[in-house]
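Visitor: Two independent chains are provided; combine them into the complex using the hints.
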Amino acid sequence: MKLTIEDKLSLLAGSAKYDVSCSSSGSENNYKTGELGCTHNSGICHSFTSDGRCVSLLKVLLTNVCIYDCAYCINRVSNDTPRTAFTPRELAELTINFYKRNYIEGLFLSSGIIKNEDHTMSLLLQTLRILRHEYRFNGYIHVKLIPGASKELIEEATLLAHRVSSNIELPSSKSLALLAPDKTKEKLLSPLKHARDITMERSSKPISMSTQMIIGATSESDFEILKLSSSLYQKALLKRVYYSAYIAVNNHKHLPVPELSKPPLLREHRLYQADWLLRFYGFSYDEILSENQNLDIQFDPKTFWALSNLHLFPIDVNRAPQEILVRIPGIGIRGALKILQARRFKQLSFEDLVKLKISLKKARYFIIAGKDFHRSTSLYEEKIKLALIHQGSNIIQPTLFDTSIYTGEL
Amino acid sequence: MILLYDGSFEGFLSLVYEVYYEKLQVSTIVKKMPGSLLFERFHEVFTDEAKARKVLEGITKQFTKEQQRTIFNIFLCDTREHEMALLEYLRIGFKNPKELRNINNAHLFYIQNLEKELLCLVHKMYGFTRFEELDDGTLYAKIETKFNIVPFLGDHFAKRLGKIPFIIHDVKRSLAFVKNDELREIRSIASFDAPTYSSDEEKFKALWKSFFKAAAVESRYNPKLQQNWVPLLYRTYMSEFHA
Ligand code: SF4
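Residue numbers (numbering that gives the first Met the number 0), protein chains in the order written: chain F, 0 to 409; chain S, 0 to 242.
Simulated from the structure, these hints should not be mistaken for lab results.
Hints are supplied without guarantee of correctness; some may be wrong.
[As the list claims (entries may be wrong)] In silico lysine-lysine, PhoX-like type, Cα no more than 20 angstroms apart, as pairs:
id : chain 1 : residue 1 : chain 2 : residue 2
1  : S       : Lys115    : F       : Lys356
2  : F       : Lys337    : S       : Lys97
3  : F       : Lys337    : S       : Lys115
4  : S       : Lys97     : F       : Lys345
5  : S       : Lys202    : F       : Lys1
[Unchecked claim] Derived DEER-like restraints, expressed as beta-carbon distance ranges:
id : chain 1 : residue 1 : chain 2 : residue 2 : range
6  : F       : Glu200    : S       : Arg100    : 45 to 51 angstroms
7  : F       : Gln340    : S       : Thr27     : 34 to 40 angstroms
8  : F       : Lys186    : S       : Phe191    : 54 to 60 angstroms
In this text, all values refer to a predicted model and were calculated from it rather than measured experimentally.
Just so you know, even glycine gets a beta-carbon here, dropped at the ideal spot from N, CA and C.
So that you can see chain S by itself, here it is in the shape it has in the complex (with noise of 0.2 angstroms):
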């Protein structure tokens, strides 16, 4: 059977709910309605919080700490098929938790190395994440990432930028990150104007530019590896990359 839900973690929370207690055989959870429906029986999960509500505490229950904080990080790895191996995780989990270090179950080896996939981005955008200032002092990044790393950034940054106000928007996911004096919280943004920038901007991109340009060893040249650090696909946002 085919599942559907909205690609919330509350909404799969909910379909976790039907799938244990409606006993649903399961063949692939999508966020979309697929094109064709052939030969698959189809159901349609809506978000419901009591149901959420629910599983989750039985996750807190049977679940330790690290295998929670797996779960929440294997749902920020939207953009691939993350549901099936975590609706398996979970399975797992609630009938024998030994069984969750097991990495001879496929399942479990993917969500493994899947995790480690985010770390490592997580890790990567740690450094690659740019800011710009805005003409009132807030600072302001766009990222586009494979998976969704907003919630790693934002505490990242909340931590090293003090009191500064900033903004991460994941411009794929129109998602952004906000923190102020007031908030601090994650919001979708449906449009965003472009904002003006601070009068110093363009300064300190030419500074950095040049620091980045004197920086490098002629004799040492190497593109490739330089490439093999920083793949083309990060650089849409790093100022030093661009002419």
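So that you can see chain F by itself, here it is in the shape it has in the complex (with noise of 0.2 angstroms):
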């Protein structure tokens, strides 16, 4: 049966679809006269699909034919689905049409793997090849980097995306074993070293790369979890560690029971926001999580850490630093920084922080501000956990009217 190019898109965005590293924020304006496109660095939002998550890129694979047999995935050569694949022609044309319209802000093109890596490899930047070269396209393209493809093509791909990636997808060479069995952390990670140290001898920033991990279907604790994007980040490797919940697509004797297990969606929620106080608010993994520890489902990682260190409390913001008000829940890095332009023109009270609109539902039990002082709560571990949890809902609802899925600020 031949399938038109409505079932090919229809097959091969769904299967596209359990990848979440896709944001296009965070890359320079590159704004040329007369040519099409420029992406923007705060990223736009195009649509939000009915699970409510953004769509601002083409998302896509290239085909669904893979020789590999990851437990995990829809694509794994051992289903039986339907099978396609786009030529880079269509794909090239695709994007540009879709580009035109204000669809989206650029292609985020990933694939299984066909015949060989180098292979794969090639086809997707051949689609590049035509957008960049014969369309003069420049809005945004990230491409997923093949494990196992050769240098040379890494390098390429460095050279016609915005950003690359590829997905570690289980937290430790251990799972990966059981789960992933054609593919090993080295593996993995050689792709992303090569775009790093061909991108760093280029130039002295590393190219933006992203990578993701399913939370959820192995056993790992949020404590190596954690660890692991600090080190990665640490090494330069990454820019980005996208969380996903593991969404069951396939029945495997070492995964989660599809019926039984619905997406750990607030645990990729309290992911994300301790990720954010390692990537900005200058907290280290072990601040954050003791060896083998989860993260607490009542509180956010901030609260909970200071609900675990009053001894550093209440934290006086007419006199902190930036790097000690950001600790303090409830105010984020922009809270921080109203309050360092506020107090040189006065001493801030309670009624100032208002004002600036800081919001002071979980601050007010760890600050002071001039005379102000919260003291119907004193300083004592469990009565400002009652007085939080006291506050109504405290119990996030994951992703509903919760920006800082996206954001992370605490």
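Guide: Put into structure tokens, the structure is as follows:
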């Protein structure tokens, strides 16, 4: 049976949808007069799907044919699903036409492994070449590096794309061996390392890279996950780690039973919040969690940390430097900057903080502002906990009305 | 005193001129003659280029670049009572520019929030604006928005679309940003015949819809969240939300 382009698109977008590492934000503006396309550095959402996730890129696979057999993946070779592939030209035309109509910011291209690694990587590159050279397309392109592809191909990818990435998928070698027998940690990390080294040679900044880890398919603790993320950030391998709540698509003896497992959305949410603490607030992973611990479900990681370190509080908002201010629950980077600016003019009181639109819901238990101190609750852990819980719905509904899943700001 | 002006930027600047030089005590500024005028005095301002120019010169001298942008931005918030707040902003700026940073002043606070609201809308529409391709290759977008953001969208898409000619049509205000090889301008559009679309248009719309559907993860279904991000009022011209 011959599939129409519409069928292909449905299939190949359908199998790419579990990849969450696809935001286009943070890339530099690169507008060139008279050429088609430019990226926008805060990222632009063009729509939101019925699960409430942002659509900003044409996120598809080149093909869902795959010679690998990863247990959690809908495209693994042992699954009996309809297979198809775009030609590089079809894909390039689709991208251009979607872009022109302002449906998308650009392309997020991934692929199953067809024939072998280099062959697949070449097909991906062919698509990028048509877009960049023939159509002179400047819009955002993110391409997945195929684990095991040769150095030259990876180098070309770093020249053609804004961002490259390779999904680590599982947080440990043990789990990989169990669920993704064709992959090893080395094989997954090596394209990232190549890409980093090549781009560092060209300029002082490495190309921006990201990865995704599936959460809840295997037994690693949040501590192990954050430790891994943190070491990846430190080696300048990655700009961003995405966490994706495990969604059951296959039956497999080493995976949670599909009927019983709902995607652990709250855990995913907490990991994003903790990740934010790592990247922007100067926390280290072992401050957030101790060995083999999981993130608290009831409190966000910053509040949890504060409650376990009450000897550091209350903090005087009129004195504390920025790096300390951002450690106060409820006060993010923007809040800290507002405080720093405002206190140059006067001593800040609670009322001033409210005027600055700083939410005191959590913060008030942890701060002193001028003469004000929230005396109704003394700094005694249990009391603060109670007070925080009695503020109403303390357990955050993940994703619902909560933008911190995207920003992580706490 | 109630002031009436024609709603144009020049008209507003002329109004500012008269308020200053004729020391008018303003209570309300309107664009249309009110139905009944019981107790208030009433004065109509006619747009006058010379007066407008004079005020504009004053503004460029007295206000920073950023503040000038704010003035212009606020003026685009045309479905709100932006005129009185803006008048106050100008009054303060001409008297004591330092005071413009004082957010304890209700007018300034209002202006600051209004500008934020405008920029937020602009950012949303960067993403939610949809073009359709006409038979001559021109891209054509219809919009209906709370504020007048055509100038923003025009600049944004001029960068983005390279040499492709395009039209952004503000249906509510009968305005359009038109860009092609010869011109790049905002004009008022009295009437607009239904255009003929390119033969590919329906195909790509259909493709976009299938992509949109396929990209959703069923087990994370959350239409409330979706509506929180894309409120119904934005969906009029977004084909993915139509059956
Ligand atoms: S290599 Fe990728 S596409 Fe192939 S089975 Fe594994 S996860 Fe799926």
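Visitor: Evaluate each hint against the coordinates.
Guide: Against the structure, the hints:
A distance of roughly 14 angstroms separates the Cα atoms of Lys115/S and Lys356/F; the hinted pair therefore holds under the 20 angstroms criterion. At most 20 angstroms may separate the alpha-carbon atoms for a hinted pair to count; Lys337/F and Lys97/S meet this at roughly 18 angstroms. With a C-alpha separation of about 16 angstroms, the suggested pair Lys337/F and Lys115/S falls inside the 20 angstroms cut-off, and the hint holds. For the proposed pair Lys97/S and Lys345/F, the alpha carbon gap of about 16 angstroms is at most 20 angstroms, so the pair holds.
Using a Cα cut-off of 20 angstroms, the hinted pair Lys202/S and Lys1/F holds, with the two alpha carbons roughly 18 angstroms apart. Evaluation of the 45 to 51 angstroms hint for Glu200/F and Arg100/S yields a pass: the beta carbon distance comes to about 47 angstroms. Take Gln340/F and Thr27/S: their Cβ atoms lie about 36 angstroms apart, and the range 34 to 40 angstroms holds. The beta-carbon spacing between Lys186/F and Phe191/S, approximately 58 angstroms, falls within the hinted interval of 54 to 60 angstroms.
Comparing the model with each numbered hint stated earlier shows that all of them hold.
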